[in-house]
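Got two chains here, separate frames each, mind docking them using the hints?
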Amino acid sequence: MNRRIWVHTGRILLAVAFWVAAVHKVLDPAAFAGAIHQYGILPPTWVNAAALTLPWIEITAAGALLMWPRGRPGAALVLLGLLGVFVVAMIINLWQGAEIPCGCFSSSLEADPLTWRSVARNLGYMVLAWWVLLDSGPFAWQQARAKV
Amino acid sequence: MSASVDHTSLQRNRLHGFLLPAALTQPQVWRQAAGLLLLGTLLGVVVNAWRPTGALPWRYPWDQHVAIQAREAGFAVWEWDRVQTAVQQGAGWLLDARPEEQYWEGALPGALSLSFADRTTAFAALQPMLIGEGPLITYCSGPDCDEALQLGYFLREQGYTNVVVFVGGVEAWTAAGQLLEGGL
Chain E
401 MNRRIWVHTG
411 RILLAVAFWV
421 AAVHKVLDPA
431 AFAGAIHQYG
441 ILPPTWVNAA
451 ALTLPWIEIT
461 AAGALLMWPR
471 GRPGAALVLL
481 GLLGVFVVAM
491 IINLWQGAEI
501 PCGCFSSSLE
511 ADPLTWRSVA
521 RNLGYMVLAW
531 WVLLDSGPFA
541 WQQARAKV
Chain A
118 MSASVDHTSL
128 QRNRLHGFLL
138 PAALTQPQVW
148 RQAAGLLLLG
158 TLLGVVVNAW
168 RPTGALPWRY
178 PWDQHVAIQA
188 REAGFAVWEW
198 DRVQTAVQQG
208 AGWLLDARPE
218 EQYWEGALPG
228 ALSLSFADRT
238 TAFAALQPML
248 IGEGPLITYC
258 SGPDCDEALQ
268 LGYFLREQGY
278 TNVVVFVGGV
288 EAWTAAGQLL
298 EGGL
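Read top to bottom, the protein sequences are chains E and A. When you read off a place in the first sequence, starting at 1, and then add 400, the result is the number in our numbering. When you read off a place in the second sequence, starting at 1, and then add 117, the result is the number in our numbering.
Bound-form chain A, shown alone (with noise of 0.2 Å):
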C-alpha cells in the first residue's frame, strides 16, 4: 500500500501543512469555532444572570473606576481646578502618593511625598507636619491609579477625616496645563 503514496507530494505537503494547517482550509473547522465562541459567549450571559452574587454589569465606566469607588467610599473627589485653589490659597496638605523616586522627578505645587508604598515610616515622618483644618488632598500619576484612594484609607484609619482624593492626579494636572515642580 506504501508504493501508492507519492513521496516527493508528501513532502511538499509536509511543508505547507507546518505553515498552513489543512483544518484550516476547512470551512466546518471555522464553523465549529463560530460555534464554540457563541456558545462560550452564551454560558457566559447565562451564568453572570444567574450569579449568586448578584449580576456584573455587561457595561462599566472602567476608566471611572478609581473615582467611583473613592465617592462610594465616602471621600471627597475633587477635580483639578479645585485642587489649584486650594493650593493658591494654601489650604490643607497636598499628599504624593506615588513612589518617592516619582515624586522627586516632578510633583504638584507644595505637594509632600507620602508613598503609599512606604505609608507607615513616611507618615511617621510628616505627621507632626499635618496639623489644621485643611482637607488632606491625596493623589498619584493618573485617574487609573489607586494609590491616592488607598493611602485616603490609610490616612482615614489614622484618625483623619477630612481626606480628600484627586483622582485625575498628575495626569489630569498636566493635561490642564499646569506646572509640575521638584519635590520639597
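So here's chain E without its partners, still in its complex pose (with noise of 0.2 Å):
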C-alpha cells in the first residue's frame, strides 16, 4: 500500500515538474530556441522546430502520465528517453565549461543557469521515470500477487 502512494506520488511530481518546466517553453519559444541553440547540440535550423514541438510534447507526456492510466508506461518511457537527452546535452556542455542557461524552467542565463545542480535535478527526474515503468509492467502485477 505504502508502495503504491510512493510511486503514485512520484508519477504526480514528474508530470507536474514537466508542466511547470513547459511554460516558459510555451509563453516564449523565440527565448526557448535561443537557449537550445546555446547548447550547440542541434543544427542551428532545427532549433526552432525543436523549440515549438518539445514542450508540446512534454505536456502531453505528462498529461497522459496523470490522466491516462493505460498509457503511463509510454509517458513515462517518452519523458525518460527526453530526461536522457537533456542529461547527454547537460553534460557535454557543462565538460567544455559553457556559461549557458539551462532552459529547464526559464530560458535565461541568469535565473537558471546550467550547473551540476541541473544534471542532478535530471537525474532524479529520471529515476521517478524509471520508477513508473518498473511500475508499469507483469513485473508490478507479480509483485502485487506474491503478497496475495
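Fair warning: there could be bad hints in the mix.
Heads up, incomplete: computed chain A residues facing chain E, CB under 8 Å, no partners named [unchecked claim]: (1) L141; (2) T158; (3) L160; (4) G161; (5) D180.
If you are wondering where the hints come from, they were derived from the structure by calculation, not from laboratory data. Bear in mind that the values here come from a model prediction, so they are computed numbers and not experimental data. C-beta: ideal position from N, C-alpha, C; glycine also.
The structure is reproduced here in C-alpha cells:
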C-alpha cells in the first residue's frame, strides 16, 4: 500500500515538474530556441522546430502520465527518453565549460544557469520515470500477486 | 495463493525487471510513446499556427542570429576583411566587448578593451580617446556571442551614431589566418 502511494506521488511530481517546465517554453518559444541553440547540439536550422514541439511533447506526456492510466508506461518512456537527451546535452556543455542557460525552468542565464545541480535534478526525474516504468509492467503485477 | 508463486523466479525477475522494466518489452508501450510524440508534435504545429503574436518560423539560421539582429537594429555589420582594412588604415576604433581578462589573453591588433560587463566604468575611462570621424567597431568572441551587439546599443545610447558590429569577432579573425596581439 505504501509503495503504491510513493509511486503515485512520484508520478504526480514528475508530471507537475514537466508542466511547470513547459510554461516558459510555450509562452516564449523564441527565447527557448535561443537557449537550445546555446547548447550547440542541434544544427542551427533545426532549433526552432525543436523549440516549438518539445514543450508540447512534454505537456502531452505529462498529461498522459496523470490522466491516462493505460498510457502511463508510454508516457514514462517518452519522459525518460527526453530526460536522457537533456542530461547528455548538459554534461557535454558543462564538460566544455560553457556558461549557458539551462533552459529547464527559464530561458534566462541569470534565472536558471546550467550547473551540475541541473544534471542532478534531471537524474532525479529519470529515477522517478524509471520507477513509473517499473511499476507499469507484468513485474508489478507479479509482485502484487506475491503479497496475496 | 502465495504458495503458487515461485519465489526464486520472482527474485530473478525482480533483478531483470529493474534492469529492463517489463514494460519496455511490450510493443504497445512503444506504440503509446510514438503516439504521444506525434500528438505533442501536432499540438506544437497547431499552437504555433494560431499564436497571437505571429507564428515562429520553423527554420531559422541561428548561426546568423546576432548578425540578423544587428542589421535589423540598423547597425552596419562588417566581415573580417573590411575590419582588417580599417585596422591597417587606422580608421576608427576597435572595441573588444569581451571580459577584460580575455582581452589580455589576445585581442585584435589595436583594439581597446571596453568590456560590456563593465561598460559604465570602462567607457568612462575610454571616452576621451574615442574622438574622430571613424567608426567604433565592436567585436566579441564569435558569431554566437552578443556582447558586441549589446555594446553597440550602449554606444548608441551614449550618442555615437557611427557604430559597426564585427559579428564574426575573434573566431572569424583567427579563422581567416589573422593574428591576435596582447592587449594594449
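Hints, verified against the model:
{"no.": "1", "hint": "L141", "result": "7 Å, holds"}
{"no.": "2", "hint": "T158", "result": "5 Å, holds"}
{"no.": "3", "hint": "L160", "result": "4 Å, holds"}
{"no.": "4", "hint": "G161", "result": "4 Å, holds"}
{"no.": "5", "hint": "D180", "result": "4 Å, holds"}
Consistency with the previously given hints is maintained throughout, with no hint failing.
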